[in-house]
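> Residues -22 to -1, 1 to 292 in mature numbering (1 follows the signal peptide of the UniProt record, and there is no 0) are what the sequence shown lists, from first letter to last.
The list that follows gives simulated cross-link-like pairs (lysine-lysine, DSSO-like), each with its CA atoms no further than 30 Å apart:
1) K107 with K192
2) K214 with K151
3) K108 with K192
4) K257 with K202
5) K115 with K151
6) K240 with K5
7) K192 with K151
8) K192 with K115
9) K214 with K108
10) K233 with K287
11) K233 with K5
12) K291 with K148
13) K202 with K192
14) K82 with K287
15) K148 with K192
16) K240 with K288
17) K107 with K202
No lab work stands behind these hints, which were simulated from the structure alone.
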Amino acid sequence: MSISKILSTVLLGIMASQPVLAQSFNKPIRLVVPFGAGGATDVLARLIAPTISQQLKQPVIVENRPGANGQIGAQFVKSAPADGSILMVTTEHPVVILPFINTKAPYTGDDFTILGKIANLQWALSTSKKFGAQNLKEFVEHIRQHPADGNYGVPSDGGIPQMIGSVIAKTEKIEMEVIPYGGAGPMIPHLMGGQIGSGVTGLPEAISMLDSGKVDVLGIAGSKRSTHLPDVPTFKELGYEGLAVDSWFGVFSPKGINQEMKVAFHKALQLALENPEVKNRIYEMSIDTLPMSLEQADSDYEEAIEYWKKAYKK
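Using the sequences plus the hints, can you model the full thing?
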């Protein structure tokens, strides 16, 4: 065999054995956001989209499919072909937690594959200035004296926001009635105006309300304090061990996406998170990026499913 034929054969073998991004992703990519436009999830999707598009050599379109606390968008993605053309940017709530709240949900967390985490999301308990409590101890004592003020708002049923109130109530032996809203937007005016005693929101909304001077932030869920509100203690520090749980945003595909595409998208996502402009914009949202290996993201996702499975069995 001639040298030229040998080299040609070797070259073809190398090309066939290496994943090529342009071959892996051969269709425009739709990043489905299962919430409305303008929220934190939507903004994150639009921030990472340009780098994803550049790296994978495909147009990336952000598509909002809100409804039913994220279930409508998640169901759409679950039913999509696992060819990389339809992915989802979301918090863990619709894919991990919601199936345990609504056992009739048409999917479980096992129907999705995580392609990477984007950023963390910490939940904060805030109370109206009219409430008169500047820390959690005063908050608890106020509710003991005024049980009617024990109502607290949450953006949706279940998950960490509702858990915050239930853990405090159980630990302190007080009554706290949860009021689910259709998102943080409609709850915030009621909280700032004192129509509800307290409310749980994401940290970005809590900081915005704090800056207005109309609320006090009493505690934050998660394993460590926020760099954005370093003076506010975690619930764990305050003695509520069950609230040392972290929330986050990630990118998911329908189950069955091939490994080459999974790795390629993860690499593109990491490059997006390393982009200084993207990183700064995310920090300005009062959240922090979560660059990590694909193996770590897989492990965290499995742990999250097991955590909430046990939580809802209690």
